[in-house]
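> Please take these sequences and the hints and turn them into a complete structure.
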Amino acid sequence: MTELATMDFHPQPQAGEARPWAFPAPERGTLDNGLTVLHCDRPGQQVVAVEVLLDAPLDAEPAGLDGVATIMTRAFSEGTDKHSAEEFAAELERCGATLDSHADHPGVRLSLEVPVSRLAKALGLLADALRAPAFADSEIERLVANRLDEIPHETASPGRRAAKELYKELFPATSRMSRPRQGTEETVASIDSAAVRAFYEKHVRPATATAVVVGDLTGVDLAALLGDTLGAWTGSPAKPRPVPSVSADDAGRVIIVDRPGAVQTQLLIGRVGADRHDRVWPAQVLGTYCLGGTLTSRLDRVLREEKGYTYGVRAFGQVLRAAPDGSGTAMLAISGSVDTPNTGPALDDLWTVLRTLAAGGLTDAERDVAVQNLVGVAPLKFETAAAVASTLADQVEQYLPDDYQSTLYRQLAATGTVEATAAAVSAFPVDRLVTVLVGDAAQIEEPVRALGIGEVTVVPAE
Amino acid sequence: MPMGHTATAEAGSEGLTVKEHRLDNGLRVVLSEDHLTPVAAVCLWYDVGSRHEVEGRTGLAHLFEHLMFQGSGQVQGNGHFELVQGAGGSLNGTTSWERTNYFETMPTHQLELALWLEADRMGSLLVALDQKNLDNQRDVVKNERRQRYDNVPYGTSFEKIFRLAYPEGHPYRHTPIGSMEDLEAASLEDAREFFRTYYAPNNAVLSVVGDIDPEQTLAWVEKYFGSIPAYDGKREPRDGGLPDVIGEQLREVVEENVPARALMAAYRLPEDGTRACDAADLALTILGGGESSRLYNRLVRRDRSAVTAGFGLLRLAGAPSMAWLDVKTSGDVEVPVIEAAVDEELARFAAEGPTAEEMERAQAQLEREWLDRLGTVSGRADELCRFAVLFGDPKLALTAVDRVLEVTADEVQEIAKARLRPDNRAVLVYEPVAGEEGADEEEEAAEATAAATEAAETTDENEESAK
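Here the protein sequences line up with chains A and B, keeping their order. According to the working numbering, the first sequence is numbered sequentially starting from 261. According to the working numbering, the second sequence is numbered sequentially starting from 10.
In short, the hints are calculated from the structure, not lab data. Note that CB positions come from ideal geometry on N, CA and C, so glycine has one too. Each statement offered as a hint is correct.
Reference excerpt, derived from the structure (chain A facing chain B, CB under 8 Å, subset only): (1) Met267; (2) Asp268; (3) Pro273; (4) Ala275; (5) Trp281; (6) Ala350; (7) Asp409; (8) Ala522; (9) Val523; (10) Thr556; (11) Arg564; (12) Asp599; (13) Asn633.
In structure tokens, the structure reads:
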């Protein structure tokens, strides 16, 4: 039984005329100390975003000291030659600023956000942190202990546990990528202030660093401001580090990480692909979106909106580390959680979606909607200074030109259905996917074996 | 074009203006222009949340929110998602205790589509609502519950602490996600009745913010929403009022397979919209916000007894707000050690009050948070609706930060003294059981999964939790 509505209906309205919008083009320069600076004025954005990239990638960590880049990165906000750790945190917060930082495969990234009215002071603190970090013994000890305490929490998180297993499976043990980014209990426990300082002295210098500044810079003398702050940072010149090549084993197989009693199974199904320099990237973005970019993509259309097995499953491509010659590595993956009893049926459906895609391809309508979304959302997506700064920093980190994002939008718009299909199918071939399932092995092992999607191995969670 | 009858009002803050209007059917409309970027946000708050639910039907408001994305009179199936995303927009909905909100952010030239879509489901959802949709979304919501609460360490702590802190029969005692049993019991007739009762224009506020022409926008609003009939049979929620303090220390010990001991506690605080609530916000920021707070300095830096330590504030307008303390212990440290240190810090703060520098820091932090929230058209649209629905005046959103900056150190001390006391809290203690903990390494960046959630455009859904 339905109920008639009593409102007046009108036909669906047509779009008006689109107003022009372009991804902001940054200005580029170099300070006397060799620091590369990109800046971009975004009127109205009162909270300024500053990103600093350091050429201190995880593969530069000495053997047995995985996690030293992370500890160094955290220690940047734990005191300088002017302030103790507590004072430094207090001074930053007094500016209304936040400073987040993390160490990853391409390098170390510091992200500062601060109201423009207090930009000068916050930039001064950031410069102090980079120029003269204290790395006091007691603070490093505390950061190491704190990091060790975090590890069991990460092991207990289904998503993180799945990621750890997938990296371990995909990459050879000799590759830094096979091992946890922030180190293991063994390696972290070996880190001390001397190791942190040595890593800093070897890899942190303005000549191989880049700063990106975005926000409402009306009335800000940025050149003078940067000269007084980040410009005071000194260091020897150096060449950028070469990017090591990475191999991966994507032979189709299944690893169940056993969590007895889990009410859901965390899925992480992945392999590796090329970085953004590869010509296939725009088509792959498009095809991956059609496969699993949103709730109306192929995967969720079945797994969520038809079957109700999940709150949502996503497919994505994420650059792990790019190389200037395009020989870098991206993770291509499908991720989500499904309820325990439906784990077998959900994976069966997932593989059917992939096979159907390979057999029949995408439709023009799917391709069109995907392009309209991916390109159309740009003005929304880049409304804040932080979003613009982060993308500009990604481009630098991945050796891409400053107009890459604009080019990508043009390429997406020019990509056809056939290319998008081909890219999605070769990104997610049914027999070359490593499937990690974090769940209750007693309940899911047999149904998963029965699917024939690869050899099944069960490992303990801890 | 003739439209409605309420005079428009304007208020300004930092160059932002607000125009208000009311259609004949009672729909309140709030418009704010900002032409810096060619985008427009549409936000619709319905004055209904989990506090309106009755016993045996917890989770209905949120389940219903999912059903709002399953089609309506002129929109097929997942059309709300498909049309908005295909227009280069983003969309979502959320449910809390006090309201349900729906929002679209669109490129300017697609604004009219979002208004048409929102009007279609406000006026004709029941045309499309059927048992199949209900059964499917019930399964989705159960999986949402598993993913966000049941399959996560400490995942049900929030739910447990509400059950402890708010008394039997109180409308805020259950969280918006609801219980598995109640979700199972929800019927099609429950959903229909819920829609008829609460999804009426006179129970909603619509805000449109961004690169808009206010006259044109209002004409579209009138065109699409104007004929939807008002409904006057709404049931008010049960009274959420409670005494200022709990009067005793409530306590529950949870033995679960969690990675470390934890101390969590809820303190009863003044309602949102009051100066005392802003004072409490400052007190909690000084005590437990960020890495220069008193509790962080004491527990994480000096005693090294905790991995994380912080305070959050859940602002509620129709019931006492809640301060939420969350401390995860380090190594073998026992909970009483943490608890004694927390009590000592709270007592000291109540006795001495904040320093001038602490006030400056906390106000700077809260000011930045406000700049962030008002810095996007969608954030601004949401805040305008919030102040219109909960406090009757959207313009209050533009001056909210000024009110936080006016609070004095004395007021902060006073609220701490009155409320942050052991006899005004519900304590939840986690003690790990079984399995030796921490025997293994980890993976940092499960960016794999994090990216999946972020990069994914919205999944309609979800309830809101404390910040």
